[in-house]
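J.: Spelled out, the chains give:
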Amino acid sequence: MPKELKLPAVEVRQSKGRTLYSFAVDGKLVHRFATISRVSRREGQLHGYQRPEALAHIEEIRNYLESPSPMVPNAVILAFDSRVRFKPAETKPPSKEVYSRPGTIIIPMEEQPDEDKPGFIVDGQQRLAAIRDAAIDSFPICVTAFITDDIGQQAEQFMLVNSTKPLSKALLYELLPQTRAQLPSSLSRRRLPAQLMVRLNQDERSPLKEMIQTATHPTGIIKDNSILKMLEHSLIDGALYEVRKRGNTEDGLEPMMELLRNYWTAVSQVFKEAWGKPPKKSRLMHGAGIISMGLIMDDASALLMETARPPTVQQYAAALQPLEKLCHWTSGTWDFGNGRTRKWNELQNTPKDIDLLARYLTDQYRSLVKDRPQKLRRVAQR
Amino acid sequence: MKFFLPDSQDLVDPSFDFELERRSMTRQRQRDDLYAHEVFSTPAFDGLLVSKGIVDGFGVLGSRYTLSQRRRLQRDGAPRFFRLDNASYPLEIMGDCGAFTYVDEEEPPYSVDEVLAFYESCRFHYGVSLDHVILEFDPAADAPGAEEDVIPPAIRARQQLTLERAREFLRKHKAGGHCFKPLGVAQGWSPKSYAAAVKALQKMGYDYIALGGMVPLKTQEIRLCLEEIQAVRKPGTRLHLLGVTRPEHLQEFSRLGIASFDSTSPLRQAFKDARDNYYLDGHKYTAIRIPQIEGNPDLQKKIFAGQVSQERARQLERECLESMRLFDQGRRTVRQTLEVLLEYERLYDPDAKQKRNDHAAAYEQTLENAPWRRCACEVCGKLKHHVILFRGAERNRRRGFHNIWTLYRQMHERGLGEGSPFQEETGARARRAKARAHG
Ligand SMILES: [Zn+2]
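Chains as they are written, first to last, in this note's numbering: chain A, 18 to 399; chain B, 746 to 1184.
Simulated from the structure, these hints should not be mistaken for laboratory data.
Computed from a predicted model, the values in this text were never measured in an experiment.
Every residue gets a Cβ at the ideal spot worked out from N, C-alpha and C, and that includes glycine.
Mixed in with the good hints there might be a few duds.
Straight-line C-alpha distance at most 25 Å; calculated SDA-like pairs for lysine to any residue [unchecked claim]:
{"#": "1", "chain 1": "A", "residue 1": "K45", "chain 2": "B", "residue 2": "R767"}
{"#": "2", "chain 1": "A", "residue 1": "K262", "chain 2": "B", "residue 2": "E859"}
{"#": "3", "chain 1": "B", "residue 1": "K919", "chain 2": "A", "residue 2": "E275"}
{"#": "4", "chain 1": "A", "residue 1": "K246", "chain 2": "B", "residue 2": "V857"}
{"#": "5", "chain 1": "A", "residue 1": "K240", "chain 2": "A", "residue 2": "L193"}
{"#": "6", "chain 1": "A", "residue 1": "K262", "chain 2": "B", "residue 2": "G890"}
{"#": "7", "chain 1": "B", "residue 1": "K1046", "chain 2": "A", "residue 2": "E132"}
{"#": "8", "chain 1": "A", "residue 1": "K262", "chain 2": "B", "residue 2": "S1054"}
{"#": "9", "chain 1": "A", "residue 1": "K342", "chain 2": "A", "residue 2": "Q332"}
{"#": "10", "chain 1": "B", "residue 1": "K1047", "chain 2": "A", "residue 2": "I168"}
{"#": "11", "chain 1": "B", "residue 1": "K1046", "chain 2": "A", "residue 2": "K45"}
{"#": "12", "chain 1": "A", "residue 1": "K45", "chain 2": "B", "residue 2": "S1054"}
{"#": "13", "chain 1": "B", "residue 1": "K1046", "chain 2": "A", "residue 2": "M176"}
{"#": "14", "chain 1": "A", "residue 1": "K342", "chain 2": "B", "residue 2": "S1054"}
{"#": "15", "chain 1": "A", "residue 1": "K342", "chain 2": "B", "residue 2": "S866"}
{"#": "16", "chain 1": "A", "residue 1": "K186", "chain 2": "B", "residue 2": "Y1093"}
{"#": "17", "chain 1": "A", "residue 1": "K262", "chain 2": "B", "residue 2": "K1047"}
{"#": "18", "chain 1": "A", "residue 1": "K369", "chain 2": "B", "residue 2": "V857"}
Partial pick of chain B residues on the chain A-facing surface, computed with a CB cut under 8 Å [as the list claims (entries may be wrong)]:
{"#": "19", "residue": "Q773"}
{"#": "20", "residue": "H994"}
{"#": "21", "residue": "Q996"}
{"#": "22", "residue": "S999"}
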């Protein structure tokens, strides 16, 4: 084993006394010369600055690294002590207009205990742990490094790279539909709902065209999250699950879109008064309204799809008609039974109120639509 | 006797890889997961018990169901929701209100109409009347000349309320033309008061009666109640014991009219009990704890504080898993395996030894006996030594499934089962035993 690792590198002078080095190295080797400076206290003194690894996060990255063609574009940041040297390719100093010069970075690689390693991982510990654990032979990774014996400088850089704001949810949902690669599971679960939402907001024939508030469509009146919730419910437990089960994944969107278009067109017709108004004026366009009506979509579809799939606008409208007189989207008071009432504008977008409204509407719907065929019941007199 | 398993959405993910500890990226909860009856090809219970309280969630106790799952349960009905067709043997579903979820309320939060509608939409086979649980138990109230005020009026009122609701339940059940079989609930505070409730319910017309509030009672106390009830029980009246398993006393319970019972304890003990985690041949073994670092809050805190090295913890965790794998292959001895397991235990629970809470002796017994190698159930056959590891829901819950299967088998081997799926086998075994005894 070589005692030193010699890698082609570029030296960049950034400001007075601050020099960076940029190079590529096999991620599997990094733990041999760099360690993590864990935060701890010894005799009252603070040591180190790093948090422990988030194992679940590492698992996600690791899964991605084991996928067919992974790419990790952002560089990990290492801090070296002065045992690491840079040897420029040319001895003559660069001119003023040139900020960088090529050369070789030389890193000692002797077997040492962690605390004696010449490098510290300032940023990228999860990525490097994932590369270390992944079932792959090697994975070259970009490194940005600086050389300092001052632990304060390391901590400062660590804080700077870790205090950036995470991406806004709204922007994530907007970007999600275009992605194809393997994503962390929390994101990939939302990809299909996001795809459907974008089409509901854009398609010419969609009753919700330009009504959903998203990052690129800030004037929409319905919150993106309400629509996503409604779609997720149906994709997991409702009508969209049934449709999706049959269709293949590539052209699978259209049958789902047809069902959504027909149903929400029927909603817009039956509740003409309340449709299209901002949530302040109509609770139908509010989270509680959208989500509850989404559950009614699943109930109604289950009945109607015994004969028609997808059901037509007229069929949905006929199914919704009995609910019309019970709803108080824009005025009056809801009577949820057992002494529970809510003025129309007191209905909040909270799990409790959504639950109350959804339960009431679906129970009413069920008792009003009595034509459920008797044969569906399993007689169990014993 | 029938055994009903109370549902609290206990499922396992068939895509879970025990070596890599990963699951499929496309797995959908509940849809792709398996219930116990989908895991075993031979019966492990006779039916499920589904509580309104568990499905809806009450007060601070959130629901085990998502909003859309609750809708689907009522839209599709329980037989389809629980995929009973996937079981290779017939299963029934009993509905109840889950009185324990609202025990602190003055009155049950549901109306009889709501309960009937819930049972009907879920298409249960049995429905238990709306009740209000009584937790007090004082046999002194039965003594001749006992003061009226031994039992406070509020408690007596609960029994009264339970009986009134049972009467209303039966009347509306008939009027509504419901298909499920109704059960009345008897609540009481003493053997005589239970017997009185049973008598009242029989008079209303119930011939299947559930006994509530007996979960906290000692076996001896339950026996006293059953004997008192026996004196008033009509020959055709069947009893259901709500939430109670006493495997050692099932024989006796059966003689005293218990036709069915439900219990989660074989499932829960697998991962809640400090010692008795794995049932086999009448023994209860302690499962081998190899906690995930991120699943152990104490250890996690120490790692965050920098008092324990995360690298060291991970290394020991891996060594334990590896050791158990090699042990099962016969490449490690009990002693070698024990050493690694206890070293990890000293790291995540350094005070165990002082508190006389270390697992040295218990693990030794588990490893010496290696009971999972002798079990004929599908879980043990497939998981091998992973079934004995106390680690993460996928292993722990499967061990619970194994316990359910074992309990059910025990029940049938003692000839207590109904329409026994093991009867032939049991019969053959009995004949063999007889032959041995005579030979
Ligand atoms: Zn087993």
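J.: Out of the numbered hints, which ones does the structure contradict?
T.: Per hint list: 2, 3, 4, 6, 8, 11, 14, 16, 17, 20, 21 and 22 violated.
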